[in-house]
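> For the record, the sequence lines run as chains B and E. With the first sequence counted from 1, adding 41 to any position gets you the numbering used here. With the second sequence counted from 1, adding 41 to any position gets you the numbering used here.
To be clear, the hints were calculated from the coordinates, so they are not data collected in a lab. Please note that a few of the clues may not be correct.
No copy is singled out in the list; a pair is fine if it fits within one copy or between any two copies.
[Claimed, not checked] The list that follows gives simulated cross-link-like pairs (lysine to aspartate or glutamate, DMTMM-like), each with its CA atoms no further than 20 Å apart: (1) K241 / D90; (2) K77 / D106; (3) K150 / D139; (4) K207 / D270; (5) K241 / D265.
Single-letter residue listing:
2 protein chains.
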Amino acid sequence: MPAAPTAAILIIGDEILSGRTRDANTHFLAENLTEKGIGLREIRVVSDDHDEIVAAVRALSSRYDHLFTSGGIGPTHDDITAEAVAAAFGAPIGVRDDARAILQAHYQKSGTELNTARLRMARIPDGATLIDNPISAAPGFTLQNTHVMAGVPAIFQIMVGSLLPKLTGGAPVLSQSLRIERPEGEIAGPLSEIAAAHPKVSFGSYPFIQNGRFGANIVARCQDRAMLDAGVSALRAAFPEAG
Amino acid sequence: MPAAPTAAILIIGDEILSGRTRDANTHFLAENLTEKGIGLREIRVVSDDHDEIVAAVRALSSRYDHLFTSGGIGPTHDDITAEAVAAAFGAPIGVRDDARAILQAHYQKSGTELNTARLRMARIPDGATLIDNPISAAPGFTLQNTHVMAGVPAIFQIMVGSLLPKLTGGAPVLSQSLRIERPEGEIAGPLSEIAAAHPKVSFGSYPFIQNGRFGANIVARCQDRAMLDAGVSALRAAFPEAG
Numbered sequence: 042m043p044a045a046p047t048a049a050i051l052i053i054g055d056e057i058l059s060g061r062t063r064d065a066n067t068h069f070l071a072e073n074l075t076e077k078g079i080g081l082r083e084i085r086v087v088s089d090d091h092d093e094i095v096a097a098v099r100a101l102s103s104r105y106d107h108l109f110t111s112g113g114i115g116p117t118h119d120d121i122t123a124e125a126v127a128a129a130f131g132a133p134i135g136v137r138d139d140a141r142a143i144l145q146a147h148y149q150k151s152g153t154e155l156n157t158a159r160l161r162m163a164r165i166p167d168g169a170t171l172i173d174n175p176i177s178a179a180p181g182f183t184l185q186n187t188h189v190m191a192g193v194p195a196i197f198q199i200m201v202g203s204l205l206p207k208l209t210g211g212a213p214v215l216s217q218s219l220r221i222e223r224p225e226g227e228i229a230g231p232l233s234e235i236a237a238a239h240p241k242v243s244f245g246s247y248p249f250i251q252n253g254r255f256g257a258n259i260v261a262r263c264q265d266r267a268m269l270d271a272g273v274s275a276l277r278a279a280f281p282e283a284g
Numbered sequence: 042m043p044a045a046p047t048a049a050i051l052i053i054g055d056e057i058l059s060g061r062t063r064d065a066n067t068h069f070l071a072e073n074l075t076e077k078g079i080g081l082r083e084i085r086v087v088s089d090d091h092d093e094i095v096a097a098v099r100a101l102s103s104r105y106d107h108l109f110t111s112g113g114i115g116p117t118h119d120d121i122t123a124e125a126v127a128a129a130f131g132a133p134i135g136v137r138d139d140a141r142a143i144l145q146a147h148y149q150k151s152g153t154e155l156n157t158a159r160l161r162m163a164r165i166p167d168g169a170t171l172i173d174n175p176i177s178a179a180p181g182f183t184l185q186n187t188h189v190m191a192g193v194p195a196i197f198q199i200m201v202g203s204l205l206p207k208l209t210g211g212a213p214v215l216s217q218s219l220r221i222e223r224p225e226g227e228i229a230g231p232l233s234e235i236a237a238a239h240p241k242v243s244f245g246s247y248p249f250i251q252n253g254r255f256g257a258n259i260v261a262r263c264q265d266r267a268m269l270d271a272g273v274s275a276l277r278a279a280f281p282e283a284g
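Okay, chain B solo, but in the shape it has when bound (with noise of 0.2 Å):
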């Protein structure tokens, strides 16, 4: 089976780490890589910094087999991912053709000026593909293994919906999840032995606190199904409560 292709997410965001706005997008797209078989293995938020987002980008694209960025793609001043990303991979930026077509379409049907702000967001790299966006025109884009998207949840929502058919997916990561209404300290000595005897199975623990009491989801991963069966069976052996 080959290997799952990786992925890192970089989102943009003065205002997440301010803790201002409450990040939804990472959430959206972890799910969303899990379905399609691709290994997300890392999440950074940077601030609207040039230089930061310059690095990660070069950091992170370097790394895994794709990056997605999340917001800095508008209008305004503060907007400058398009620039970042396209001084990551040295490549020449400026208004396209082909994006300025999109977005002229897009206001004239409104009969709304495309003035000079408008007209930043079809600022595209050299040699980037563009990323649809029915909402609100404006393209995001592709350049090289680096899917550059909106930070607004609907548009960058759909930007995902347009962009991961066209990415090939591994062999999805089967799961199964079993909740144990004990104390992690109670799970902790069976399950590690578990864990030793299903090698191939990545077993995680993920305790919570429900209506005062203790408890943890233990989530049992593999890429074949027979192995994840028989650690599973291992659990509720172990477990026969787990819900």
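Dock chain E against the given chain B, drawing on the hints supplied.
Below, chain E alone, put in the same frame as chain B:
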């Protein structure tokens, strides 16, 4: 005015990367840091992997005044954060008497056994200070500038509550937000001029779509009240309809 201390957050969490769980801790801590006058500059999420955690702890702790970590300090085999943080700083780690005493007292009260798995939670690096956990006793710790806390949100939050009052904050960054129900493409031009005329005020534009209409929240930030007020007045003059 002295510069505000800087910080990063590192989330150790396969379950966030897989999309299974939605991270709540970064948003909570981001809000608290801003209130405290500590500037959060970066957030990373990495997988439950020793080398990944070590690399991220080294990179972030050397770059910022504080590093806060969340996750991976429970009793199960996949809880490897304490070892990784110790390794990042080259600190020896083992079961420490003070931490063991806390766990012993806690479990004795409920007549619960302090078994081998639970004793893992008393593994604390040499030289670290404990962080109180009034919910389930198992302490977090501060090693140098790195604050290691639990992933379960209720415990993370109470640890943040124990820890933050002990840290020195900076002059808080003052901010004011205006909601403008116009597309960003119309806001961008005047906003760019206002930003240029008020160089000490940072203006961020955070677009939204609500009921199919486009708008943006414009957030002005500055450490100086008079400068902030001047910037906001300019915004109100340019956008009299702003809420």
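> Give a verdict on every hint.
How the hints compare with the structure:
no.: 1; hint: K241 / D90; in the structure: between (42 Å within a copy, 15 Å between copies)
no.: 2; hint: K77 / D106; in the structure: within (14 Å within a copy, 38 Å between copies)
no.: 3; hint: K150 / D139; in the structure: within (17 Å within a copy, 70 Å between copies)
no.: 4; hint: K207 / D270; in the structure: neither (31 Å within a copy, 48 Å between copies)
no.: 5; hint: K241 / D265; in the structure: within (9 Å within a copy, 57 Å between copies)
In this structure, only the earlier hint numbered 4 is contradicted, and the remaining ones agree with it.
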